[in-house]
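A.B. asks: Using the sequences and the accompanying hints, generate a full structural model.
Single-letter residue listing:
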Amino acid sequence: MNTILKTKHLTKWVDNSSGRVFLLRDINLEIKQGEFISVMGPSGSGKSTLLNVLGMLDTFNEGEYEFIGQPVHTLKERQRSELHKHNIGFIFQAYHLIDELTVAENIEAPLLYHGMKQKERQAAVADILDRFNIVGKKDLFPAQLSGGQQQLVGIARALIVKPKLLLADEPTGNLNSKQGEEIMELFNKLNEEDGVTIIQVTHSEKNANRGDRIIELLDGRIVK
Amino acid sequence: MFYNLKIAIRNLRRNGLYSVINIIGLTVSLATCILITLWVYDEWSYDRFHANKENIYLVNTSVSNEGFFDHTPGALSVYGKEEIPVIKDYCRISWFSFNYLRYNDRQVLIDNSINRGAAVDSSFFRMFTFPLIEGDIQKPFAGDNSIIFSESMAKSVFGDENPMGRAVRTNWSDEYFYVTGIMEDMPKNSTLQYDYIVPMNFMKRHWVSYFVPGKTLDEDFGEFRFSTYLELYPGSHTDEIEEQIVNIVGREMAPYASMFGPAGLPPFNISLQQITDQHLYNPDGTPGGMAKIRLFAVIAGLILVIACINYVNLVTARIGKRSKEMGIRKFLGANWIKIVRQAMQETCVMLFISIVLATVLIYVVMPVYNQISGKNMEFSLFSFHAAIIYGVTLFCVLVLAGLYPSLFLASSNSSKHTKNKGMHVVFRKALVVVQFVCSIVLIVSTLVITLQMNFIRKKDLGYDKENVICFPAWGMGNNKEAVRNELQKNPDITGVATADFENMITHNFTYGVTWQGSDIATRFSMGWFDFDFFDVMNIRLTDGAFPLEASADKYCLLNETAVREMQLQEDPLNQIINFNNQSYTVSGIVRDFHFESLSQPILPMILICSKANYNNFYIRTTTQGTKSALASIETMWKKYCPNLIFSYSFLDENFERLYEADIQMGKLLYIFAFIAIMISCLGLFGLVTFTAETKTKEIGIRKVLGASVGNIINMLSKEFLILVGIAMLIAFPLAYYWLNNMLQDYAYRISIGWWIFVLAGLITIVLTLLTVGFQALKAATANPVKSIKTE
Ligand SMILES: Nc1ncnc2c1ncn2[C@@H]1O[C@H](COP(=O)(O)OP(=O)(O)OP(=O)(O)O)[C@@H](O)[C@H]1O
Ligand SMILES: [Mg+2]
Numbered sequence: 001m002n003t004i005l006k007t008k009h010l011t012k013w014v015d016n017s018s019g020r021v022f023l024l025r026d027i028n029l030e031i032k033q034g035e036f037i038s039v040m041g042p043s044g045s046g047k048s049t050l051l052n053v054l055g056m057l058d059t060f061n062e063g064e065y066e067f068i069g070q071p072v073h074t075l076k077e078r079q080r081s082e083l084h085k086h087n088i089g090f091i092f093q094a095y096h097l098i099d100e101l102t103v104a105e106n107i108e109a110p111l112l113y114h115g116m117k118q119k120e121r122q123a124a125v126a127d128i129l130d131r132f133n134i135v136g137k138k139d140l141f142p143a144q145l146s147g148g149q150q151q152l153v154g155i156a157r158a159l160i161v162k163p164k165l166l167l168a169d170e171p172t173g174n175l176n177s178k179q180g181e182e183i184m185e186l187f188n189k190l191n192e193e194d195g196v197t198i199i200q201v202t203h204s205e206k207n208a209n210r211g212d213r214i215i216e217l218l219d220g221r222i223v224k
Numbered sequence: 001m002f003y004n005l006k007i008a009i010r011n012l013r014r015n016g017l018y019s020v021i022n023i024i025g026l027t028v029s030l031a032t033c034i035l036i037t038l039w040v041y042d043e044w045s046y047d048r049f050h051a052n053k054e055n056i057y058l059v060n061t062s063v064s065n066e067g068f069f070d071h072t073p074g075a076l077s078v079y080g081k082e083e084i085p086v087i088k089d090y091c092r093i094s095w096f097s098f099n100y101l102r103y104n105d106r107q108v109l110i111d112n113s114i115n116r117g118a119a120v121d122s123s124f125f126r127m128f129t130f131p132l133i134e135g136d137i138q139k140p141f142a143g144d145n146s147i148i149f150s151e152s153m154a155k156s157v158f159g160d161e162n163p164m165g166r167a168v169r170t171n172w173s174d175e176y177f178y179v180t181g182i183m184e185d186m187p188k189n190s191t192l193q194y195d196y197i198v199p200m201n202f203m204k205r206h207w208v209s210y211f212v213p214g215k216t217l218d219e220d221f222g223e224f225r226f227s228t229y230l231e232l233y234p235g236s237h238t239d240e241i242e243e244q245i246v247n248i249v250g251r252e253m254a255p256y257a258s259m260f261g262p263a264g265l266p267p268f269n270i271s272l273q274q275i276t277d278q279h280l281y282n283p284d285g286t287p288g289g290m291a292k293i294r295l296f297a298v299i300a301g302l303i304l305v306i307a308c309i310n311y312v313n314l315v316t317a318r319i320g321k322r323s324k325e326m327g328i329r330k331f332l333g334a335n336w337i338k339i340v341r342q343a344m345q346e347t348c349v350m351l352f353i354s355i356v357l358a359t360v361l362i363y364v365v366m367p368v369y370n371q372i373s374g375k376n377m378e379f380s381l382f383s384f385h386a387a388i389i390y391g392v393t394l395f396c397v398l399v400l401a402g403l404y405p406s407l408f409l410a411s412s413n414s415s416k417h418t419k420n421k422g423m424h425v426v427f428r429k430a431l432v433v434v435q436f437v438c439s440i441v442l443i444v445s446t447l448v449i450t451l452q453m454n455f456i457r458k459k460d461l462g463y464d465k466e467n468v469i470c471f472p473a474w475g476m477g478n479n480k481e482a483v484r485n486e487l488q489k490n491p492d493i494t495g496v497a498t499a500d501f502e503n504m505i506t507h508n509f510t511y512g513v514t515w516q517g518s519d520i521a522t523r524f525s526m527g528w529f530d531f532d533f534f535d536v537m538n539i540r541l542t543d544g545a546f547p548l549e550a551s552a553d554k555y556c557l558l559n560e561t562a563v564r565e566m567q568l569q570e571d572p573l574n575q576i577i578n579f580n581n582q583s584y585t586v587s588g589i590v591r592d593f594h595f596e597s598l599s600q601p602i603l604p605m606i607l608i609c610s611k612a613n614y615n616n617f618y619i620r621t622t623t624q625g626t627k628s629a630l631a632s633i634e635t636m637w638k639k640y641c642p643n644l645i646f647s648y649s650f651l652d653e654n655f656e657r658l659y660e661a662d663i664q665m666g667k668l669l670y671i672f673a674f675i676a677i678m679i680s681c682l683g684l685f686g687l688v689t690f691t692a693e694t695k696t697k698e699i700g701i702r703k704v705l706g707a708s709v710g711n712i713i714n715m716l717s718k719e720f721l722i723l724v725g726i727a728m729l730i731a732f733p734l735a736y737y738w739l740n741n742m743l744q745d746y747a748y749r750i751s752i753g754w755w756i757f758v759l760a761g762l763i764t765i766v767l768t769l770l771t772v773g774f775q776a777l778k779a780a781t782a783n784p785v786k787s788i789k790t791e
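Chains A and B supply the protein sequences, listed in that same order.
60 is the number that the numbering used here gives to position 60 of the first sequence; each next residue is one higher, with no gaps.
60 is the number that the numbering used here gives to position 60 of the second sequence; each next residue is one higher, with no gaps.
A few of these clues could be false.
Under the rule of at most 20 Å between Cα atoms (straight-line distance), these lysine-lysine pairs were calculated in the PhoX-like manner [claimed, not checked]:
#1 B:Lys697 to A:Lys85
#2 B:Lys786 to A:Lys85
#3 A:Lys76 to B:Lys778
Here are the simulated distance ranges between beta carbons [as the list claims (entries may be wrong)]:
#4 A:Glu181 to B:Leu729: 49 to 59 Å
#5 B:Leu729 to A:Leu101: 24 to 34 Å
#6 B:Thr781 to A:Glu30: 25 to 35 Å
Which chain B residues stay away from chain A? Per the calculated CB distances, all over 12 Å, these [as the list claims (entries may be wrong)]:
#7 Thr359
#8 Ile372
#9 Arg523
#10 Leu770
These are computed hints drawn from the structure, not numbers from a lab.
Treat the numbers as computed from the prediction; the structure is a model and nothing was measured.
All C-beta atoms in this analysis are idealised placements derived from N, C-alpha and C, irrespective of residue type, glycine included.
C.D. replies: Structure (structure tokens):
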């Protein structure tokens, strides 16, 4: 199987008054296309940081990062954001929907930045609303939805650009266990049927075991 | 109370940037408003210091329906008072000048552009409020050869000596004048500005009537030389008096109708203008100065509106944040009156700080302001009108900017919140549009007025005003040939000419011109020149030729306008025209050139060439040669006028001086428009900062979704650019209508091209993008991970 991303000695730190704080240290990872990875570790161990770096939302200080064959560490900001926008979908614990937009508009938002025509956008949105069974909610605002529904919208929004890689930072963290189960079912389905590569951060052993393998972080290092 | 104040100040500090923006905006606009109001007040106050102002009227006349001007014949008021009972008194004023005064051994040369002289009726000090320091208001002149000086001129002539009763000799027939009074210097806001005054009786003694030989000054209806002021009994109807005067003039002129050719007497009209109107309105009643006052008052208003809008916008924009605090307070039991009071108190604190700063600012810029505006205005914090301005501002800002947000804050609660928010966003946008409209109108106006000023200054005058030195001939007049020969030895002097024109301006005119086919008395300006004048000034003939020197006294030249108005287009040359009881043959046509202010159209002119000696020299020099030319001229001056101080002027500078008031106004307009636009940019900056701040999270999310920096800047600017677009649609027709109206006051004016609007639009868009762009860029390049975390 093809490698989707690969890091070598990836290290990130911040300098503050008390000296240098390492957020990530010497991360060496290789993830194949179609894998479903779970990242675990205690709070503050650098899970979110790792996800942001892999998703190119954040930078790193040392080491190499290759994404679908492109050396990210040598790319310019613009090229990196192109790479990110076409290949990566993000899902957050706090959903991060835009409050002023309806469900349909929220899902449509990423397509605006893909230069897609309005007709195509609408078709794509209708398609995904249908697939996620939320057609009836399309004109509601995020505040009018339950947490599980909001996260469903968040996932739909992440998937609408057909990303190769889905990054999920504690997607079930704010949900009850039943809602969480449903989201996890969806992840398995996406991974198996559509071949989407997924990296999820989770605190739940049970959820973590739904993936193919688990990466454990401690103080910014991979320990397992 | 004290508690509230403490919270108010704490709130201002917590919202540092917005408080600073609000305070700067309010300070600058308050200061600017007051400065403008001072200017407006100064203009408005002209001639209002006369105790009798309600009853004093200036007589304007119009001959041949050619528009009113403030000149009258000497007999008009004498006959008027005799026959019209409601005329209590009259005072005629004529320009009158001495070139020098001699007191004992000392000779003082008078620069009549600085120290002006007049001959006046003895009613002068009774009618007008010009206090005498020494002398008798009722009987200011002891005899015909009396003179009254202003305090400062008396000082320069007599030093510390008491001038009363002293005799000064003048260039006027070498007569002595005796000082019978000292008047206070005339206030700057007086239209009448004189430094020395002689009795009308002196002029009367020397009067020679050209119109009907033998008539005295008091009987002469022919020469329009005097400004006449009438004092009426209170409650008089001016239109009746006007009619009566017209009838008197008609009756007295009737015997001489034949002098005006077959058409007879030209139509004659009178318009009485209250003395307080003469600075603000043209003699025909159109607003001259008043238009400027309105313009500046409008700008002051706009600036205040813009600042208030800034305040309202920034306060309501922050309501989201504040309403939470207010909600908690309400929950704690504060009633809405208390809440409003607290919000008002914040506004008051902010206003108080702004007023203090504005006052300091005014005192700091006052000297510069006076210099630019050419006035002598004073600001005193405790004066009546400063109090009014601060009071009005306080009221406006409190009502507009304090009450509205306060009521909103008080009424907001969580259930209504979202609905209210939408309404207030629309309100805010409407205010921003108003602000943009103001700015765009100001930008267009500034462009148009600048273009108009440049147009006038660059306009082809019909002669070449560069590198010409003018000076009075005095003793050189009788030695013209010798002076010319001597001057022409200097290679830097390329031409020498004389004329009766002073600085290319003439006030000499006549109505008594007839020609074959003349049907209405037409006003002709008159000019006398030597044969070199046209060459030196680069004035061209369009037809015909100059008369030969030998027979010059039988020929005249006409300008193109005269040919047109006399309807001689067919064959103007060799026409015979008659005036001053003499006949002249037209030998040539002169291309039109300007001999009055450019606000006036070119009038018909008769030009007469001869070898006679005229009072004014015109010297053309090479571009580099002014210094050496002046040296040569000074040598001549010392030789022929040893008793006079060397005085000269450059023609182009004289010309600039003519437009000084316009140029000053233009400069002020720039400054005020600039300030207004800056203040609205400041508000915009605050608003976009706020927008970016509230949208930080959204921007972060959008970047995660793939938005580029460009997308984000676009998103933030688009909102404002749409508002700019709407504002343009409103502002352009408004500005066009208004400016087009204003330009009608100029005889020579530009047309407002579409490109002016394109330019104004571009300027506005660029300014908006610069203002919005900075914050937008900051927001767009922020790290999305951090942005998302902020909540
Ligand atoms: N910009 C920063 N400056 C300083 N420290 C930071 C910065 N960003 C993150 N950290 C620190 O780095 C560590 C890792 O943070 P991160 O958010 O990746 O942890 P996490 O594993 O996701 O924890 P959690 O399970 O609580 O979400 C934390 O201790 C955090 O405080
Ligand atoms: Mg985390």
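A.B. asks: Each hint: holds or not?
C.D. replies: Hints, verified against the model:
no.	hint	in the structure
1	B:Lys697 to A:Lys85	holds, 18 Å
2	B:Lys786 to A:Lys85	holds, 19 Å
3	A:Lys76 to B:Lys778	holds, 19 Å
4	A:Glu181 to B:Leu729: 49 to 59 Å	holds, 57 Å
5	B:Leu729 to A:Leu101: 24 to 34 Å	holds, 29 Å
6	B:Thr781 to A:Glu30: 25 to 35 Å	holds, 32 Å
7	Thr359	holds, 44 Å
8	Ile372	holds, 49 Å
9	Arg523	holds, 72 Å
10	Leu770	holds, 23 Å
Violated hints: none; the structure is consistent with every hint.
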